[in-house]
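Student: The primary structure of each chain is shown beneath.
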Amino acid sequence: MKENKVIKVGMADLNTTTAPGILTTLGLGSCVGICLYDPTTKVAGMAHIMLPDSKKIKNNSNKAKFADTAIDWLIEEMIKKGARKYRLVSKIAGGAQMFAFMNKNDMMKIGEKNVIAVKEILSNLNIPIVAEDTGGNYGRTIEFYSENGILLVKTIGHGIKEL
Amino acid sequence: MGGYFDNNIVIDILKEIGNIGAGNAATALAKMLNKRIDMNVPKVNVLDISDVPALIGGPETLVTGVYFKIEGDLDGSIMFVLDINSSQTLVKLLTSGYQNNKDNEIDDFTKSVLQEIGNILSGSYISSLSSLTGLNIKISIPSIAIDMAGAILSVPAIQFGQISDKILIIETEFIEGSDNVKGFFFLVPDYDSYDILLKSLGVSDYEGK
Numbered sequence: 001m002k003e004n005k006v007i008k009v010g011m012a013d014l015n016t017t018t019a020p021g022i023l024t025t026l027g028l029g030s031c032v033g034i035c036l037y038d039p040t041t042k043v044a045g046m047a048h049i050m051l052p053d054s055k056k057i058k059n060n061s062n063k064a065k066f067a068d069t070a071i072d073w074l075i076e077e078m079i080k081k082g083a084r085k086y087r088l089v090s091k092i093a094g095g096a097q098m099f100a101f102m103n104k105n106d107m108m109k110i111g112e113k114n115v116i117a118v119k120e121i122l123s124n125l126n127i128p129i130v131a132e133d134t135g136g137n138y139g140r141t142i143e144f145y146s147e148n149g150i151l152l153v154k155t156i157g158h159g160i161k162e163l
Numbered sequence: 001m002g003g004y005f006d007n008n009i010v011i012d013i014l015k016e017i018g019n020i021g022a023g024n025a026a027t028a029l030a031k032m033l034n035k036r037i038d039m040n041v042p043k044v045n046v047l048d049i050s051d052v053p054a055l056i057g058g059p060e061t062l063v064t065g066v067y068f069k070i071e072g073d074l075d076g077s078i079m080f081v082l083d084i085n086s087s088q089t090l091v092k093l094l095t096s097g098y099q100n101n102k103d104n105e106i107d108d109f110t111k112s113v114l115q116e117i118g119n120i121l122s123g124s125y126i127s128s129l130s131s132l133t134g135l136n137i138k139i140s141i142p143s144i145a146i147d148m149a150g151a152i153l154s155v156p157a158i159q160f161g162q163i164s165d166k167i168l169i170i171e172t173e174f175i176e177g178s179d180n181v182k183g184f185f186f187l188v189p190d191y192d193s194y195d196i197l198l199k200s201l202g203v204s205d206y207e208g209k
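Chains D and S are the protein sequences, given in the same order.
Residue numbers for the first sequence follow the UniProt record's numbering, so the first one is 1 and each next one is one higher.
Residue numbers for the second sequence follow the UniProt record's numbering, so the first one is 1 and each next one is one higher.
Do not rely on the hints blindly, as some may be mistaken.
[Claimed, not checked] Restricting the straight-line Cα-Cα distance to at most 30 Å, the calculated cross-link-like pairs of lysine-lysine (DSS-like) are: (1) Lys138(S) x Lys8(D); (2) Lys92(S) x Lys109(D); (3) Lys63(D) x Lys111(S); (4) Lys31(S) x Lys109(D); (5) Lys166(S) x Lys154(D); (6) Lys56(D) x Lys182(S); (7) Lys113(D) x Lys111(S); (8) Lys109(D) x Lys35(S); (9) Lys15(S) x Lys154(D); (10) Lys182(S) x Lys58(D); (11) Lys154(D) x Lys199(S); (12) Lys111(S) x Lys58(D); (13) Lys111(S) x Lys161(D); (14) Lys56(D) x Lys111(S); (15) Lys119(D) x Lys138(S); (16) Lys166(S) x Lys55(D); (17) Lys81(D) x Lys15(S); (18) Lys43(S) x Lys8(D).
[Claimed, not checked] Residues from chain S that face chain D, not an exhaustive set, calculated with beta carbons under 8 Å: (19) Gly57; (20) Glu71; (21) Gly72; (22) Ser130; (23) Ser164.
[What the hints assert, rightly or not] To give an idea of the chain D side of the interface with chain S (calculated C-beta under 7 Å), a few residues: (24) Gly27; (25) Met50; (26) Ile57; (27) Gly82; (28) Tyr86; (29) Met98; (30) Ala117.
It should be emphasised that the hints constitute simulated quantities derived from the structure, not laboratory data.
Cβ coordinates follow ideal geometry from the N, Cα and C atoms, glycine included.
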């Protein structure tokens, strides 16, 4: 019997797997976990992005850090494993605002900005978002199962969700 | 512009600020508790962002984060992070033995005590930075979160992420009798404020070196 391989995806990192592999990222806060899936070949990919846009940052060599460059790179890696771009669907989680402040501060809204950027990029690529668990003020650990495309979202004090 | 942390002079200066700031924070804590507080020499580290959660027990470890914005001549933020055991120990010390009854949940009283401790420690840290640089620096009211280390640390990591793939951490350990409290400070000046901070400390030409 083949054992389910669990592959960890760190902060500003991405990885891909094929069934029955499981991709996980631990403790997502304002970052966003982007999960792409080709249901036919069961190729799954996960990216853990920190910032919305590589073009606004000078120090942008780490492609997995930014929503725009990470998604492009993730798709390339999935195609190498046999996925087809037109079949890809996505599930996203994270983008929390961990600390609340009364007055307006752009940095504090970074979670929300990350989510907006990810949605826009996926929409431009015609990749449908079939499920999401974003926002709020709490952290999330996510597990993405390549066997069936299920995304498990675990929290401390806010329950477990299956997307 | 390369990484600020590629430059040794910059790192040394930030380390020294860390030492002085943590020392003042320990003094403040001793006054607050009216007890003798010993402190280990703070460890100042520049780490890859992805390695930071491991330092505090892994991305899913429950930690307390108290977060402030820095305002005035510098913009940015400061965060004080404690693991959950250290959080409980500090609350116990400060309240002469108050115990949070629920095992997995932090009650409001404990939260407000932690928020206030974070306030005093970060305030004394910032005031030493202020007197060292001659800059007028203030901190905002605190905001507290108790959650997974990875999630809490994503906040300073993202802010550092705009200027570097590395993050500067000041690890301090306070000791009262048999109780140890380990805390971490993250000082994150905004992009433009780095120049102001370094210039005020006499480092004006660091770029590209």
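Student: All hints are to be evaluated individually against the structure, with a verdict given for each.
Tutor: For each hint, the structure was consulted:
At most 30 Å may separate the alpha-carbon atoms for a hinted pair to count; Lys138(S) and Lys8(D) exceed this at roughly 39 Å. Straight-line distance between C-alpha atoms of Lys92(S) and Lys109(D) comes to about 34 Å, which puts the hinted pair past the 30 Å bound. For the suggested pair Lys63(D) and Lys111(S), the alpha carbons sit about 38 Å apart, so the restraint of at most 30 Å is broken. Distance restraint check for Lys31(S) and Lys109(D): the Cα-Cα separation of roughly 36 Å exceeds the 30 Å cut-off, and the hinted pair is therefore not satisfied.
Straight-line distance between C-alpha atoms of Lys166(S) and Lys154(D) comes to about 28 Å, which keeps the hinted pair within the 30 Å bound. Of the supplied pair hints, the one linking Lys56(D) and Lys182(S) is violated, its CA atoms being roughly 36 Å apart against a limit of 30 Å. For a cut-off of 30 Å, the pair hint linking Lys113(D) to Lys111(S) stands: about 28 Å separates their Cα positions. Our distance criterion of 30 Å between C-alpha atoms is broken by Lys109(D) and Lys35(S), whose separation comes to about 40 Å.
Proposed proximity of Lys15(S) and Lys154(D) is contradicted: the alpha carbons are some 37 Å apart, above 30 Å. Under the criterion of a C-alpha separation no larger than 30 Å, the hint pairing Lys182(S) with Lys58(D) is inconsistent with the structure, at around 35 Å. Among the hinted pairs, Lys154(D) with Lys199(S) is inconsistent with the structure: their alpha-carbon atoms are about 45 Å apart, more than 30 Å. Pair hint Lys111(S) plus Lys58(D) does not hold up; C-alpha atoms about 38 Å apart against a cutoff of 30 Å.
The hinted pair formed by Lys111(S) and Lys161(D) meets the criterion: a straight-line CA distance of about 27 Å does not exceed 30 Å. Proximity of Lys56(D) to Lys111(S) is assessed by CA-CA distance (about 37 Å); at most 30 Å being required, the pair is judged violated. Annotation: proposed proximity of Lys119(D) to Lys138(S) is violated, straight-line Cα distance about 37 Å (limit 30 Å). Taking the CA atoms of Lys166(S) and Lys55(D), the gap is near 19 Å; set against the 30 Å cutoff, the hint holds.
Proposed proximity of Lys81(D) and Lys15(S) is contradicted: the alpha carbons are some 45 Å apart, above 30 Å. The hinted pair formed by Lys43(S) and Lys8(D) meets the criterion: a straight-line CA distance of about 28 Å does not exceed 30 Å. For Gly57(S), the interface hint is violated, the least distance from its beta-carbon to any beta-carbon of chain D being 11 Å, above 8 Å. Interface hint status for Glu71(S): violated, as the beta-carbon distance to the closest one in chain D is roughly 10 Å, over 8 Å.
Hint status for Gly72(S): violated, given a least beta-carbon distance of 15 Å to chain D, over 8 Å. A distance limit of 8 Å between C-beta atoms decides the matter here; for Ser130(S) the minimum to chain D is near 21 Å, and the interface restraint is violated. Restraint check, Ser164(S) versus chain D: the minimum CB separation of about 6 Å is within 8 Å; hint holds. For Gly27(D), the interface hint holds, the least distance from its beta-carbon to any beta-carbon of chain S being 2 Å, beneath 7 Å.
Against a cut-off of 7 Å between C-beta atoms, the interface hint on Met50(D) holds, since the closest Cβ of chain S lies about 5 Å away. The beta carbon of Ile57(D) comes within 6 Å of a beta carbon in chain S, closer than 7 Å, and the hint placing it at the interface holds. Hint status for Gly82(D): violated, given a least beta-carbon distance of 28 Å to chain S, over 7 Å. A distance limit of 7 Å between C-beta atoms decides the matter here; for Tyr86(D) the minimum to chain S is near 32 Å, and the interface restraint is violated.
With 7 Å as the threshold, the beta carbon of Met98(D) comes within range of chain S, its nearest partner Cβ sitting at about 5 Å, so the hint holds. Proximity of Ala117(D) to chain S is violated relative to the hint, the smallest CB-CB distance being about 13 Å (cut-off 7 Å).
In summary, the numbered hints that this structure violates are 1, 2, 3, 4, 6, 8, 9, 10, 11, 12, 14, 15, 17, 19, 20, 21, 22, 27, 28 and 30.
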